[in-house]
Amino acid sequence: MDNANLPSTVERDASKDIYSLSPFKTLMLLSVGPIIFELSSSVMEIVEAFWVGKYIGKIGLSSIGCVFVPYSFLIGFSNMVFVSITHKISSLQGTKSLGTIPELSFDIFRLTIILALLAPIFVLPIIKPIFWFLNTNEKISHNGFLYMIPLTCGFLSTGLLQLLTGIVYANGHPILYSLFYILQNLLVICVFEPIFILWAKVSVIGVALSIICSNILTDIIILIYIKVKHPDYISFQCNRMFKKFHPESLATIKIGISAFIIQIALSIPSAAIQKFLSLSAHKYGNVTEVMAMWSLLPRIYHILSCIPFAFQKSLLIAASYAYSSGNNRRLWIFFWISIAICCTYSGLSGFLFAFFPRIAIYLWSNEKTFSDIIPKYVPPSTYSGILIPIYFLGSTLLQSVKSSRYATISNMIGKLISLPSFGAILYYTNKQAPYNIIWAYGISDLISALAIINSTIIIKFKKLRDISHDVKQQQIQ
Numbered sequence: 001m002d003n004a005n006l007p008s009t010v011e012r013d014a015s016k017d018i019y020s021l022s023p024f025k026t027l028m029l030l031s032v033g034p035i036i037f038e039l040s041s042s043v044m045e046i047v048e049a050f051w052v053g054k055y056i057g058k059i060g061l062s063s064i065g066c067v068f069v070p071y072s073f074l075i076g077f078s079n080m081v082f083v084s085i086t087h088k089i090s091s092l093q094g095t096k097s098l099g100t101i102p103e104l105s106f107d108i109f110r111l112t113i114i115l116a117l118l119a120p121i122f123v124l125p126i127i128k129p130i131f132w133f134l135n136t137n138e139k140i141s142h143n144g145f146l147y148m149i150p151l152t153c154g155f156l157s158t159g160l161l162q163l164l165t166g167i168v169y170a171n172g173h174p175i176l177y178s179l180f181y182i183l184q185n186l187l188v189i190c191v192f193e194p195i196f197i198l199w200a201k202v203s204v205i206g207v208a209l210s211i212i213c214s215n216i217l218t219d220i221i222i223l224i225y226i227k228v229k230h231p232d233y234i235s236f237q238c239n240r241m242f243k244k245f246h247p248e249s250l251a252t253i254k255i256g257i258s259a260f261i262i263q264i265a266l267s268i269p270s271a272a273i274q275k276f277l278s279l280s281a282h283k284y285g286n287v288t289e290v291m292a293m294w295s296l297l298p299r300i301y302h303i304l305s306c307i308p309f310a311f312q313k314s315l316l317i318a319a320s321y322a323y324s325s326g327n328n329r330r331l332w333i334f335f336w337i338s339i340a341i342c343c344t345y346s347g348l349s350g351f352l353f354a355f356f357p358r359i360a361i362y363l364w365s366n367e368k369t370f371s372d373i374i375p376k377y378v379p380p381s382t383y384s385g386i387l388i389p390i391y392f393l394g395s396t397l398l399q400s401v402k403s404s405r406y407a408t409i410s411n412m413i414g415k416l417i418s419l420p421s422f423g424a425i426l427y428y429t430n431k432q433a434p435y436n437i438i439w440a441y442g443i444s445d446l447i448s449a450l451a452i453i454n455s456t457i458i459i460k461f462k463k464l465r466d467i468s469h470d471v472k473q474q475q476i477q
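Heads up: the sequence shown at position 381 corresponds to 381 in this note's numbering, and the numbers run straight through without jumps.
Simulated from the structure, these hints should not be mistaken for lab results. Only a predicted model underlies this, so the values are computations on that prediction, with no experimental measurement involved. Careful, some of the hints might be misleading.
The calculated DSSO-like cross-link candidates involving lysine-lysine, where the alpha carbons are at most 30 Å apart (straight line), are [unchecked claim]:
no. : residue 1 : residue 2
1   : 128       : 402
2   : 139       : 128
3   : 229       : 25
4   : 275       : 402
5   : 402       : 244
Estimated spans, in silico, between C-beta atoms of each pair [claimed, not checked]:
no. : residue 1 : residue 2 : range
6   : 24        : 125       : 46 to 54 Å
7   : 202       : 95        : 44 to 52 Å
8   : 195       : 351       : 21 to 29 Å
Just so you know, even glycine gets a beta-carbon here, dropped at the ideal spot from N, CA and C.
Build the full structure now, drawing on both the sequences and the hints.
So, in structure tokens, the structure goes:
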């Protein structure tokens, strides 16, 4: 193989060092960056809410909050790019096939362009029907639509950010990965939002433009870094722009599609739950309080899931590397360490909110009307906290061993089907008890966990042994 096609020695050593450590140390090092990213994102949300709430008002907060379903499609596209590039690079490092990385990276770049073209075509037309379904106020709907226009039309900057940071992260640089995202967050809240919101006064569009502009600037910085430090990992081959994708690229894109479907399966059912809550709250006569509670629940959920989110990324590349190198024992050690840490964290967090729900009062609001209903709504959504890592990390394990269809089917059964179904059952059982509907999340978490466990057992005792044999045969040849 021509040495010119191999990534630089510095890059190989960085990834080799981190993957050659003990499973626990490898996971901890790979998780540091994503954990920092989750924490910085939480801080960004708080500061962004301050800018929007203070200078645009409640209409701005409501407009941004009401687009969670269409925005989830953009998150799904982003996950598709990130999972595709990180899985493929770590897999190729496991099989020592480093020479094909530039070609496959270029294929994922072409995928990013395709998604950038599809984003406005696919997402913008569904926004207003979703607002109609949710009975959203006309002014809020209009501002929410304006907010989504720059985000969908400028998705290329978001996709490239996922691609470039994925390359950095998969090559054993988790801290640098998090620093690039901290830079992007700082550009949003400290540079561009003051410019667009305070100076230009362009309302909610300014918030979206701030994100796009910060993405573009961060993309340029990361691209310069990669081209200077590790130039062999990116090769823009204009003559291949309209040619067929490499077969290995198509295989990894299927795993990326699974990540997209899982994101949608987690997000879309929430629209149905919101609809049932709204209908029930109107009958019960406390719409304002219930909708305020609804805006609080995602924040609590983020606390329960931030560590599993971080370990998802580290497990994906660590398990992909171990699987590709035929080291199944190390793969399962990665998985069980991740499960132990994340279930402990999410279980304890869920326990605190379930049995001491008034903690949320001190974190977010001390209004009397708000504090009176918290004990009814928070516990049903947090009892199942210990199950969150099971279906998150189980899905990631299935993706890393190229069994993404099992992860997709499990999440569709556990979330896309069961959550709205049980929400409807609980609503029609007692239409004047909106707090009962929240139990649908716990039931859905249980079904998702059971479905993932079933799929994992199938992989462990049947398919994985056959695949391991094939991998070892290929290495011998």
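Going through the hints against the structure:
no. : hint                     : result
1   : 128 with 402             : 37 Å, violated
2   : 139 with 128             : 12 Å, holds
3   : 229 with 25              : 25 Å, holds
4   : 275 with 402             : 36 Å, violated
5   : 402 with 244             : 21 Å, holds
6   : 24 with 125: 46 to 54 Å  : 48 Å, holds
7   : 202 with 95: 44 to 52 Å  : 50 Å, holds
8   : 195 with 351: 21 to 29 Å : 44 Å, violated
Of the hints listed earlier, those the structure fails to meet are numbers 1, 4, 8, in rising order.
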